[in-house]
Amino acid sequence: MPPKASRAPRSLWRDKALRAIALQVLVIVAVFAAAAWLIGNVAANFAALDKTFGFGFLWELPANYDINQKLIDYNNQNTHLRAALVGLINTALVGVVGIILATVLGFFVGAMRLSDNWLVSRLAYFYVEFTRNTPVLLLILLWHGILINTLPHPRQAISLGDSFFLSNRGFYVPRPVFDTGFSVAGAVLAAGLLGIWLVHRQGRRAREVTTKNQRVYRYGMVLIIGLAVVVYAAAGAQITVERPLLRGFNFQGGLTLIPEFVALTWALAFYTSGFIAENVRAGILAIDRGQTDAARALGLTRRRTMKLVILPQAMRVIIPPLTSSYLDLIKNSSLAIAIGYMDLVATLGGITLNQTGREMEAMLLVMLVYLTISLTLAGFMNWYNRRVRLVGQ
Amino acid sequence: MRKVILLAACTMWLTTTANAGTLDNVRARGHLKCGINTGLVGFASPNDQGVWRGFDVDFCRAVAAALFGDATKVKYTNLTGKTRFTALRSGEIDLLSRNTTWTFSRDTDLQLTFVGVNYYDGQGFMATKKLGVKSAKDLNGASICIQTGTTTELNLADYFRVNRMTYQSVPIETSSEALSNYLAGRCDVYTTDASGLAATRAATDSPAAHMVLPEIISKEPLGPVVRQGDDQWADVVRWTLNALIAAEEFDIGSTNVEKMSREAKNPEVRRLLGTEELQGRSALGLSKTWAIDIISQVGNYGEIFARNLGKDTPLGIARGLNAQWKDGGLMYAPPFR
Chain X
75 MPPKASRAPR
85 SLWRDKALRA
95 IALQVLVIVA
105 VFAAAAWLIG
115 NVAANFAALD
125 KTFGFGFLWE
135 LPANYDINQK
145 LIDYNNQNTH
155 LRAALVGLIN
165 TALVGVVGII
175 LATVLGFFVG
185 AMRLSDNWLV
195 SRLAYFYVEF
205 TRNTPVLLLI
215 LLWHGILINT
225 LPHPRQAISL
235 GDSFFLSNRG
245 FYVPRPVFDT
255 GFSVAGAVLA
265 AGLLGIWLVH
275 RQGRRAREVT
285 TKNQRVYRYG
295 MVLIIGLAVV
305 VYAAAGAQIT
315 VERPLLRGFN
325 FQGGLTLIPE
335 FVALTWALAF
345 YTSGFIAENV
355 RAGILAIDRG
365 QTDAARALGL
375 TRRRTMKLVI
385 LPQAMRVIIP
395 PLTSSYLDLI
405 KNSSLAIAIG
415 YMDLVATLGG
425 ITLNQTGREM
435 EAMLLVMLVY
445 LTISLTLAGF
455 MNWYNRRVRL
465 VGQ
Chain H
253 MRKVILLAAC
263 TMWLTTTANA
273 GTLDNVRARG
283 HLKCGINTGL
293 VGFASPNDQG
303 VWRGFDVDFC
313 RAVAAALFGD
323 ATKVKYTNLT
333 GKTRFTALRS
343 GEIDLLSRNT
353 TWTFSRDTDL
363 QLTFVGVNYY
373 DGQGFMATKK
383 LGVKSAKDLN
393 GASICIQTGT
403 TTELNLADYF
413 RVNRMTYQSV
423 PIETSSEALS
433 NYLAGRCDVY
443 TTDASGLAAT
453 RAATDSPAAH
463 MVLPEIISKE
473 PLGPVVRQGD
483 DQWADVVRWT
493 LNALIAAEEF
503 DIGSTNVEKM
513 SREAKNPEVR
523 RLLGTEELQG
533 RSALGLSKTW
543 AIDIISQVGN
553 YGEIFARNLG
563 KDTPLGIARG
573 LNAQWKDGGL
583 MYAPPFR
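First to last, the protein sequences are chains X and H. The first sequence begins at 75 in the working numbering and counts up by one. The second sequence begins at 253 in the working numbering and counts up by one.
Only chain X is shown next, with the shape it has when bound in the complex (with noise of 0.2 Å):
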């Protein structure tokens, strides 16, 4: 090994390393600076307005509003706190029904728009383009307004067995109405459905010993669900419905669902599951053709080289971008205030603030809440991400 050259003291601007380190630190320098300076703008500007950094506002002060869909008990006398967790709440049922309905919707048309039927895939094409070339909050409006605006008046309301009622106000459906022996029986149907589960695993193992597939799980099922039938009879038990009833201005009783609720979790769905749809075509697209041709050789059908083949290989595909739109679904949920769903941006960014004068104490903990939304939805993602890929090989 030749003796290294000595080198001739240089420049410390030609210093490749020093160079690096020192734009680095300068970098390092001039975010901290930007920091510094919002930071003490805000406190300046505060001092200037006289006002104080503190959350006593959201249990010092009663809300003094109503919210029109709530989930869990509240009125206006309720503290502002409770005002923002009916807005949570509302955004959570939003995001898990939005994000349940796109899957579904994005899967289906994915898969449809790979079909050999070329009116199906046409039609699956079209609909991914109209979905994901159109703005959301067009969407949300357009909904919204055609519910609002095609369906008749409560007094006019499409009844269906004069049960399920659809009115510009709503849908209306009947709430069944439990008494005590439902706990027990659903306590039985619960510890019946972790024991097949495990029975199930079990299962599974003993086939990749054996070869042979043991049915216990759809045998079990039966079972458990009749187990927990006979349980709910035998504790004399029964179910009344509550329907409902068409009573002054609106329907009373039975289960609501707001117009706003519909439209937005529907618009929403529609529009991320075009995105979806697209993710579930490149995912299955990237599996290679001689995949499938083997499976097929291999004798297994047309749906069981789909399920055991194909989409636990493409899944691996699918997850990261699927993660994106489940946290792009979320996230545009804010968009509720602009039919009037009274989501968490609503109640306590909106009206809360505004009553207040809260804005930086509210806006901070409306990104704190969306930021934790979101970081635990893509951490359960990557989680399964990395199960399937695991599954996969």
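Hints were generated in silico from the structure; no laboratory data involved. Check before you lean on any hint, since a few could be wrong.
[Unchecked claim] In silico DSS-like pairs for lysine-lysine, Cα to Cα no more than 27 Å straight-line: (1) X:K144 <-> X:K405; (2) X:K125 <-> H:K285; (3) H:K511 <-> H:K325; (4) H:K389 <-> X:K144; (5) H:K511 <-> H:K382.
[Said to hold, decoys possible] So these bits of chain H aren't anywhere near chain X, every CB distance computed over 10 Å: (6) K334; (7) F337; (8) L431; (9) R438.
[As the list claims (entries may be wrong)] A few chain X residues that face chain H, going by a derived Cβ cut-off under 8 Å, partial list only: (10) E134; (11) D140; (12) Y148; (13) N152; (14) T153; (15) H227; (16) G235; (17) F238; (18) R321; (19) Q387; (20) G414; (21) I425; (22) N428.
A virtual CB, placed ideally from N, CA and C, is assigned to each residue, including glycine.
Please arrange chain H on chain X, whose structure you already have, making use of the hints.
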């Protein structure tokens, strides 16, 4: 380098926080930044030429006339009930003239300064005649359209709680959205200030098909708002309002203001119109002809009311509480002395 960044940061900091002297800022800028409604017939709506006009817009113009002698030197910002206070407090606008109710919490906790009342209003309900409702007490179980971020939202909750009634709220952002939801039948009733109801009703295809219920469930004194802690600026806005009201009291209108300034005998009129010296005027930085500029270009309070809201407009609102005190109303300007 670090010093340069810090220095730059400090300068930016200083420039963004120095907004104490609103009057000086407005003068230096050469125009007034005024926050108005996103569209409410009679109060703030664009005319055929796309120029904003209305009761609240005219107040912005009056302040501009007082400051610059030119009522056109205003830049308007359209604000919803939700965005208005943030816009004012952040300095995006100098003056908020947008059907804003003067309340304790807004005055104190939100750190706003209400310079006075230019419209005494109250919350009412509007329904289609077809619905057959005669009183607000009949509204148990009704769906109600309501603008979020307003006092009406809180009054409504109170009213139904006190009367042990329930309702379904349909929250919306602007009065045009309220109208479209109401007309589509999404709600049975629309509630807002009575003046807003008159404006909304006038904007429907057949105003006669709708009725305003007799109950007025709240006091809504509406007035111009400025940021708290800038008394000089608040004084300019407050006395512009007082000049408008006083001018009507003394029968000084846009047509006779020049003549009055020469011929009036009443010492208060002479002080208002700059014929005699008004102590403190120059300290506020107002010109000798400030009141003449306001009245000749915008008119007095009565003229503004008649032009935008009065009997000869589609709104057809009677003066009622907004008449001069000598006519049995509540409009009363402190003396110009």
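Results for each hint:
This hinted pair checks out: K144 of chain X and K405 of chain X have alpha carbons roughly 20 Å apart, not beyond 27 Å. Annotation: proposed proximity of K125 of chain X to K285 of chain H holds, straight-line Cα distance about 24 Å (limit 27 Å). A threshold of 27 Å between alpha carbons decides the hint, and for K511 of chain H with K325 of chain H the separation of about 26 Å falls inside it, so the pair holds. The straight-line distance between the Cα atoms of K389 of chain H and K144 of chain X is roughly 25 Å, inside the 27 Å bound, and the hint therefore holds.
Simply put, K511 of chain H and K382 of chain H have alpha-carbon atoms about 53 Å apart, too far for the 27 Å limit, and the pair is violated. With a minimum CB-CB distance of about 5 Å to chain X, K334 of chain H fails to clear the 10 Å threshold, and the non-interface call is violated. The beta carbon of F337 of chain H is not kept farther than 10 Å from every beta carbon of chain X, the shortest such distance being approximately 6 Å. With a closest Cβ-Cβ approach of about 13 Å to chain X, L431 of chain H is found to remain outside the 10 Å limit, as its non-interface label requires.
Once the 10 Å rule is applied to beta carbons, R438 of chain H is inconsistent with being away from chain X; the minimum gap is 4 Å. Below 8 Å, beta-carbon pairs count as interface contacts, and E134 of chain X has none with chain H, the closest being about 11 Å; its hint is therefore violated. For D140 of chain X, the interface hint holds, since its Cβ comes within 8 Å of a Cβ in chain H; the closest pair sits about 5 Å apart. Look at Y148 of chain X: its Cβ only gets to about 12 Å from chain H, farther than 8 Å, so that hint breaks.
At about 11 Å, the closest approach between the beta carbon of N152 of chain X and any beta carbon in chain H exceeds 8 Å, and the interface hint on this residue is violated. The beta carbon of T153 of chain X is not positioned within 8 Å of any beta carbon in chain H (closest approach about 14 Å), and the interface hint is therefore violated. Against a cut-off of 8 Å between C-beta atoms, the interface hint on H227 of chain X holds, since the closest Cβ of chain H lies about 5 Å away. Violation of the interface hint for G235 of chain X is found here, the shortest Cβ-Cβ separation to chain H being roughly 24 Å, above the 8 Å cut-off.
The closest approach between the C-beta of F238 of chain X and any C-beta of chain H is roughly 19 Å, which is over the 8 Å cut-off, so the hint fails. About 7 Å separates the beta-carbon of R321 of chain X from the nearest beta-carbon of chain H, less than 8 Å, and the hint is met. The closest approach between the C-beta of Q387 of chain X and any C-beta of chain H is roughly 48 Å, which is over the 8 Å cut-off, so the hint fails. With a least beta-carbon distance of about 4 Å to chain H, the hint placing G414 of chain X at the interface is held under the 8 Å criterion.
The interface hint given for I425 of chain X is met, as the beta carbon of that residue sits about 5 Å from the closest beta carbon of chain H, less than 8 Å. For N428 of chain X, the suggested interface contact is upheld, since its CB lies about 4 Å from the closest CB of chain H, less than 8 Å.
When the structure is compared with the earlier hints, violations turn up for hints 5, 6, 7, 9, 10, 12, 13, 14, 16, 17, 19 and for no others.
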